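Here are the chains, one letter per residue:
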Amino acid sequence: MRNGTLLKIEDLYVNFKTDEGIAKVIDGVSLDIKYGEVLALMGETGCGKSTVAKSILRLLPKNAEVRGKILFKGTNILDLPESELRKIRGKEIGMIFQDPLTALNPVFIVGNQISEMFKIHKLRIKRTILDEVIELLKNVRIPDPQRRYYSYPFELSGGMRQRAMIAMMLAGRPSLLIADEPTSALDVTIQAQILKLIMDLRNDYNMSILLITHDPGVVAEMADRIAIMYAGQIAEIGPVRDIFLNPQHPYTKGLLRALPLGHKEERELENIPGRVPNLIEPPPGCRFHPRCPHAIEKCKKEKPKPVVVSNEHFVFCHLLRGG
Amino acid sequence: MKKYIIRKIFSFIICILAVTLFSFSLLHLIPGDPVRYILGEFATEEQYQKLKHQLGLDKPIHVQFIDWLANIILRGDFGKSLVKNVPVSELISERIVYTLQLTGTAWLIAFALGIPLGIAAAIYKQTAVDYAVMGLAAFLMSMPYFWLGLVLMLVFGVMLEILPISGIGDWRNVILPSLTLGLPQVAVIARLMRANMLDVLDKDYVMTAKAKGLPNTLVVFKHALRNALIPIVTYMFLQIPWLFGGAVVTETVFAWPGMGRLLIISILQRDYPTVQALVFLIGTLTVIANFAADLVYAFIDPRVRVTGEGA
Amino acid sequence: MTEEKRRTVGVSMWKLTWRRFRKNKLAMTGLVMLLIIVAISALAPLIAPYSPIEQHLEDRLQPPSPKYLFGTDELGRDILSRVLYGSRIALRVGVLVALISAAIGVTLGLISGYYGGIIDEVIMRIVDIVWSFPSLILALAIVSILGPGLINAMVAIALTMWASYARIVRGETLSVREELYIEAARAIGESDIRILFSYILPNVMSSILVLITYNIPSAIIIAASLSFLGLGAQPPTPDWGLMLSTARTYLTIAPWYSIFPGVAIMITVLSFNFIGDGLRDAIQPERVS
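Residue numbers (the numbering used here), protein chains in the order written: chain A, 1 to 323; chain B, 1 to 311; chain C, 1 to 289.
Keep in mind that the hints were calculated from the coordinates and are not lab data. Being a predicted model, the structure only gives us computed values, none of them experimental. Cβ coordinates follow ideal geometry from the N, Cα and C atoms, glycine included. One should not assume that every hint holds.
[To be verified] List of simulated lysine to aspartate or glutamate pairs, EDC-like, C-alpha gap at most 20 Å:
1. 62/A to 130/B
2. 119/A to 92/A
3. 8/B to 121/C
4. 91/A to 79/A
5. 62/A to 204/B
6. 25/C to 33/B
7. 80/B to 90/B
8. 25/C to 79/A
9. 125/B to 65/A
10. 23/C to 20/A
11. 62/A to 199/B
12. 17/A to 202/B
[As the list claims (entries may be wrong)] Pulled from the structure, derived: some chain A residues nowhere near chain B, Cβ distances all over 12 Å:
13. 90
14. 113
15. 138
16. 245
17. 284
18. 297
19. 305
Construct the complete structure from the given sequences, taking the supplied hints into account.
Structure below.
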């Protein structure tokens, strides 16, 4: 199973109806995640990486229109009726969010929010639900879990909240965990601990992980493969090592050139002039062309097709010829 | 929690003091000579002195205040009505039941209808349900109580002839006045409930609840509603004094013999002891209702209950 | 920011607000309704078929007819003419009360926020009490001191409505007080009063405007209620509340009498509420759901 495909996104388009017009937020994204693999989806704020993550569990708001296929273990999630979808949410695919304080319900104790998972998914339990929840809290290394069971989210520190959130999403033993910027709301010192925890749990629970991030440092530490997104399109996808050592897309190059400067998102792209385009009237062809120093006429007209760089390394750019 | 409660008790005491001072001063704030104002131009000197003594105005002001307050606290005595020659407390106790009956029914109507309508409007946002509820609310909130009362009278009393137009009697007499008082509040609560619900449905924890695989009913009625109701429960208390305000008009429209009607008659007849007593009572009720709202809020919101910090 | 820069920011903000407001159908409906009401009150002598106080004793309590479109009242006065003239009173009461209460509230809020300390404490406690007290009861208490009459009623209502202005202005003043440009203004020797009015006030202008738009209809309703209760406008003033007070007596024999003045109040109040909602959403678009 180790090499089979767990999740396959094919030609995903997402449009948002807004007062100003239709925002074409995702423009034909395709990617796949293998069993046990960590795939990082990286890009600037607003590039659509979170939208991709949310469309997997169909968590987008009502004004979103989604087209394409999201195949999970071979079934298209986008075609599932509500009742079937609910069996996948939380049970097969878990999801954790950026800010664990707002992601946990403020008026229920942590224990209640976690034990809910056992009830709704009718999960197998060894003794009582309380024991199971405490076991989970132990697994995510929350000290004094018996007491923390009864804590409200606001009584926990940021790191503890994210651990509780992870515990909740592990209850169903999902085969895929979507982590949407899991550490960007946390203190720098806590970030490393949470990342390590996620990686340890991946091994213990044998999960695949889709990691959404804007931080190349996090990607380098955790991911097996990386997909670079720009303005709703994939720019480049491949094994982390290949992308970091041998970036092909002009955007990837710009993104990584700023890497040693540190983790501040604003800094990462200061080498590329221009700004993220308006997605209501996005640039035609390759959406990066207005900012691309090497853009040619073709870039303004045609959407680039994937070019094979090496075995698993693809780049979406007209400047490169396959071979 | 303790700190929060102490702070609230402190402001409760200050507010009660302010209400007391204000009600007491009503008589003294009358421009010119209050005795002359009450009696009119043609009173004799004897009548003048008698009323001045009855109102206690011949004593130094601090003595007047202490006497007034002591009588209220120790004996429940608000003085004697200038018009009816009976104790004010008697006048009020005859009428308080009617006002409570009216405001209580209106209060129930307001929440029994307002909360579900608001939830429905939020869940079916931007559909016919939402537009109908919000449109109705906009109209109800633009109608003064007295006109809403007249319209209801006209429709159910005059045209359909199914309900009595005014006065007291059996339960059927309560319907129109309490609808008049309650319907505008239904509008307010429905709007508030809808806004809270929409606000909450947008929160991350609602997305978490969905991501967990909860059925929609649990997402809405457990995770969202519990949060959206917190301000509504507080409002249940904050609203009480405003119902008494609305009762003044409603009671006049329907010739309902409650405290509100008494207040208007007393103002028109310059029966100051009665006016003072009613302002004092409604003021105190306002302060108590606000205090209760603060306490209940602290009790139902765990963030306040545990840390004493408002969220 | 320099003075000039702030001004341009201000101008474009109002332009932006207007652009968003214009897209709001309900708000524009409200604005059109209001313009019509303003036109009616300005042109009342020209469009009203009769004088509002002229009695036609031979035509008492007549139902609507071509001669009297809205019917007549108990003294044979033309209800249509009285309703049209009534708009003058309603608008005058609403606008004046809202402006007076805004003036009181803004002044106290500025003082409270700028000076802080014991002054702030005292003012804010008063604000708390006035704010939680049902406006009608408070207005009634004040009328009981001042005596009945339209002017007294207006004063009383203004004294019940200023608290929200004080709260908003105080909050804004507190946050602006520490800003650099206020420090700078103080350093170059600007007087406190000038700082309060020319630096702090522009920042709260939009919130104040929204509040005024909401307070005008509330003032109209409370004033009409006081008139209905016999404590506001006195006969023979063509006041909508006063008309309804008499209409109540004739409800069974002259139902039309109770309808038209009430519809007039509702339309006027509705137009301000629509404008208020539109203005609020246009000024704080992030609050729009």
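Okay, the hints, checked on the actual structure:
1. 62/A to 130/B: Given that 20 Å is the threshold and the Cα spacing comes to 16 Å, the pair holds.
2. 119/A to 92/A: holds (15 Å)
3. 8/B to 121/C: Within the cut-off at roughly 15 Å; holds.
4. 91/A to 79/A: holds (18 Å)
5. 62/A to 204/B: holds (15 Å)
6. 25/C to 33/B: violated (55 Å)
7. 80/B to 90/B: holds (9 Å)
8. 25/C to 79/A: violated (37 Å)
9. 125/B to 65/A: Answer holds: residue 125/B to residue 65/A is near 18 Å, not above 20 Å.
10. 23/C to 20/A: This hinted pair holds, its Cα atoms lying about 11 Å apart.
11. 62/A to 199/B: Holds. Residue 62/A to residue 199/B sits at ~15 Å (cutoff 20 Å).
12. 17/A to 202/B: Since the Cα atoms of residue 17/A and residue 202/B sit roughly 17 Å apart, the hinted pair holds (cutoff 20 Å).
13. 90: violated (4 Å)
14. 113: Violated, because the least Cβ-Cβ distance between residue 113/A and chain B comes to about 8 Å, which does not exceed 12 Å.
15. 138: holds (20 Å)
16. 245: Label holds. Min Cβ-Cβ 36 Å, cutoff 12 Å.
17. 284: holds (32 Å)
18. 297: Per Cβ check, residue 297/A is outside 12 Å of chain B; nearest 43 Å; holds.
19. 305: holds (34 Å)
The earlier numbered hints that this structure contradicts are 6, 8, 13 and 14.
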